[in-house]
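Asks: Here are the chains, one letter per residue:
Protein chains: 2
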Amino acid sequence: MNLDIAVLSGDGIGPEVTKQAIKTLKAVGEVYNHTFTFKEAPVGAIAIDQTGDPLPEKTLQLCLDSDAVLFGAIGHPKYDNDPSAKVRPEQGLLKLRKSLGLFTNIRPIKAFPTLIEKSPLKEERILGTDLTIYRELTGGIYFGEKKLNKEGSVASDLCEYSDYEIERIAHLAFKAARTRRKKLTLVDKANVLETSRLWRKVVTNIGKSYADVELDFLFVDNAAMQMILNPSQFDVILTENMFGDIISDEGSVIGGSIGLLASASVGDENAMFEPIHGSFPQATGKNIANPIASILSAAMLLEHFKLFEEAKAINKAVEKALEMNVVTPDIDADSKKTTSEVGNFIADYIANAE
Amino acid sequence: MNLDIAVLSGDGIGPEVTKQAIKTLKAVGEVYNHTFTFKEAPVGAIAIDQTGDPLPEKTLQLCLDSDAVLFGAIGHPKYDNDPSAKVRPEQGLLKLRKSLGLFTNIRPIKAFPTLIEKSPLKEERILGTDLTIYRELTGGIYFGEKKLNKEGSVASDLCEYSDYEIERIAHLAFKAARTRRKKLTLVDKANVLETSRLWRKVVTNIGKSYADVELDFLFVDNAAMQMILNPSQFDVILTENMFGDIISDEGSVIGGSIGLLASASVGDENAMFEPIHGSFPQATGKNIANPIASILSAAMLLEHFKLFEEAKAINKAVEKALEMNVVTPDIDADSKKTTSEVGNFIADYIANAE
Ligand SMILES: [Mg+2]
Ligand SMILES: [Mg+2]
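Protein chains in written order, with my numbering: chain A, 1 to 354; chain B, 1 to 354.
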């Protein structure tokens with residue numbers, strides 16, 4: 001298979017970890033006779049520094065022309081902590097998701113037995129957790145009209161949803177539930193918000209076409225509690241953009257390591273794969289960042305193109321690395337392995353597995 | 001000091017637990033030579049039964065004329081389970097908060113050493129946690145304009161904040177930080193939301209007048225993670241209404257028992273103190289309800305009037321009760337101690353501490 005992959009490694013540790021994902025994909029390409037072509041383009045703070053735009057037109061065009069996007073991370077304190085900054089790294093990611101029509105973010109959260117001792121939750125709470133969050137990604141308050149009066153004293157953000165935006169992700173979430181434990185939980189705040197009441201109405205209607213899937217509802221503040229008290233109760237969680245941001249990030253830490261978590265963002269025409277961790281500016285250039293989440297996002301990319309055996313080869317190599325303790329210090333503080341050494345081990349393991 | 005305290009003990013277990021808080025305050029008054037005057041008035045279901053109104057005019061007037069309100073709990077199944085009920089107990093609480101101008105909700109979260117085994121978090125995570133959340137209570141998206149188009153296909157909610165709404169709660173939060181560990185964390189989403197950027201700008205400016213308080217910033221999705229990973233890092237958390245709802249409910253479960261959590265709701269002129277648990281109708285009149293949250297809300301009342309030593313005496317007595325296992329069955333299923341016995345122990349400990 002030929003795949004043109006746009007590489008947007010971004011800021012902070014993004015480039016370091018993405019490099020290991022590319023290395024891994026190249027090893028897969030060698031072994032399984034695929035031609036993966038990588039073309040890089042700037043995004044985020046580095047793109048602002050270079051062009052003034054967090055998502056330059058050339059970067060967007062490359063993504064549109066590619067089969068998939070391999071994304072690193074964006075964000076830099078010099079923009080994040082400056083309330084007067086008019087151009088922000090995150091605008092690049094938000095615009096990219098919107099331009100590529102990536103309306104669904106998928107985040108699997110699983111309690112890996114080998115990592116349970118690293119979980120902040122007690123073993124009996126986290127044991128058996130295996131859930132997936134479907135977060136709406138291109139609507140809601142993050143994209144609604146923003147206003148600031150000219151005195152700079154009154155600000156507002158509009159949260160808006162249409163039935164169409166809810167329907168398309170709801171279908172994906174119900175379909176996913178069908179292949180899993182057949183349970184879908186809609187997280188909202190329907191006792192207070194009009195948009196949440198629309199979500200509840202639309203999802204309830206769509207649920208009638210998925211009668212084999214059990215549908216229930218949870219207010220977001222209660223969901224934030226349940227994610228700690230009893231995360232194994234969840235199968236598929238469906239929610240709007242901002243609630244999904246909060247709940248999925250909360251969920252990301254219960255398994256024990258954020259450095260292992262990958263995600264997919266999909267739309268009708270495009271797909272992007274990225275680690276869920278951020279740009280982690282403090283670690284930049286130190287060769288200590290965990291590349292496994294980025295490498296696993298490359299595995300999700302392969303799965304997206306139905307290269308299941310190839311994806312499995314990556315997953316197996318990652319498991320081997322964990323098993324042999326070839327890990328960065330975030331997984332084992334005593335480990336002296338660097339970002340590139342972990343990447344090398346995984347790529348070599350794939351290359352020499354035959 | 002003379003304090004006129006309006007007692008609105010409400011429904012369910014409200015009267016039982018509030019009685020113990022009053023007993024405790026009386027003991028404090030004896031020891032420290034303060035005159036606390038208590039005047040009771042009905043609110044909630046019991047007020048509906050008596051007058052048809054969940055917040056009778058006389059009750060509201062008593063609150064307005066008092067220095068503080070000690071609140072129990074409201075809610076009764078005969079109204080809660082009747083969808084056709086036009087008058088509901090909760091309306092009394094909402095109207096009361098609004099009439100008293102209570103724009104700040106304060107929620108302390110503390111890890112009591114004896115309860116750590118009940119926490120869903122591992123001991124090393126929860127140990128040393130002692131934080132307090134300042135949540136804006138009368139603005140933001142819960143109160144913004146709500147719209148639904150006439151086809152019922154597009155809904156919206158507006159989140160709006162003015163500098164004034166932010167300033168008044170920010171001053172309270174900074175002042176609180178001064179009496180604590182001198183650290184304030186603003187939780188927002190300033191990388192995306194205009195309202196959050198206004199929060200950050202206003203709070204940064206006000207912070208200049210509190211140079212002894214360290215101010216930092218955390219995005220709400222990260223805050224949802226940090227509350228699990230490392231809650232002891234926080235001293236005072238300041239945040240807007242909806243983020244505060246989610247983060248404070250998330251935080252409420254990490255300590256191991258909701259039966260110990262008190263809260264305050266304060267405005268420029270009035271202040272109200274209440275346990276965060278509800279009216280728990282099933283336990284009503286059985287003398288088994290945990291009075292500690294209500295007793296700790298009385299300690300918050302004392303702190304509000306800068307009676308720090310007195311508040312500390314209550315906190316110390318509560319810790320002693322926990323340490324000696326003088327607790328209701330929700331804390332220890334084998335305990336045979338009643339609501340009033342726990343209250344007696346705490347009041348006696350204060351009275352005899354000298
Ligand atoms: Mg996030
Ligand atoms: Mg809540």
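In case anyone wonders, no lab produced these hints; they're calculated from the structure.
One or more of the hints may lead you astray.
Pairs count within a copy or across copies, as identical chains cannot be separated in the list.
Here are the simulated EDC-like cross-link-like pairs (lysine to aspartate or glutamate), alpha carbons at most 20 Å apart as the crow flies [as the list claims (entries may be wrong)]:
no.	residue 1	residue 2
1	K98	D330
2	K147	E160
3	K95	D334
4	K19	E341
5	K150	E167
6	K146	E303
7	K150	D163
8	K146	E160
9	K95	E319
10	K110	D268
11	K147	D163
12	K201	E90
Asks: What label fits K150 with D163 when the C-alpha limit is 20 Å: within, between, both, or neither?
Replies: between (34 Å within a copy, 13 Å between copies)
Asks: Reference check for the pair K150 and E167, CA-CA at most 20 Å: within, between, both, or neither?
Replies: Between copies, since 18 Å is at most 20 Å while 38 Å is not.
Asks: Which holds for K95 with D334 at a C-alpha limit of 20 Å: within a copy, between copies, both or neither?
Replies: Neither, since 40 Å and 57 Å both go past 20 Å.
Asks: For K146 and E303, with the copy left unspecified, which applies at a CA distance of at most 20 Å: within, between, both, or neither?
Replies: Classified as neither; 38 Å inside a copy, 39 Å across copies.
Asks: Taking 20 Å as the upper bound on the Cα-Cα distance, should K98 and D330 be classified as within, between, both, or neither?
Replies: neither (33 Å within a copy, 48 Å between copies)
Asks: Taking 20 Å as the upper bound on the Cα-Cα distance, should K147 and E160 be classified as within, between, both, or neither?
Replies: both (15 Å within a copy, 9 Å between copies)
Asks: At most 20 Å between CA atoms: does that hold for K110 and D268 within a copy, between copies, both, or neither?
Replies: neither (26 Å within a copy, 47 Å between copies)
Asks: Should K95 paired with E319 be assigned to within, between, both, or neither, using CA atoms and 20 Å as the limit?
Replies: neither (35 Å within a copy, 52 Å between copies)
Asks: Check K146 against E160 for me: Cα-Cα at most 20 Å, and say if that holds within a copy, between copies, both or neither.
Replies: Cα proximity of K146 and E160: in one copy and across copies (12 Å, 10 Å).
Asks: Is it within, between, both, or neither for K201 and E90, if the alpha carbons may be no more than 20 Å apart?
Replies: Answer is between: at 19 Å across copies they meet the 20 Å cutoff, but 32 Å inside does not.
Asks: Are the CA atoms of K19 and E341 at most 20 Å apart within a copy, between copies, both, or neither?
Replies: within (12 Å within a copy, 65 Å between copies)
Asks: Under a CA distance limit of 20 Å, which applies to K147 and D163: within one copy, between copies, both, or neither?
Replies: Result: close only across copies, 14 Å inter versus 25 Å intra.
Comparing the model with each numbered hint stated earlier shows that hints 1, 3, 6, 9 and 10 do not hold.
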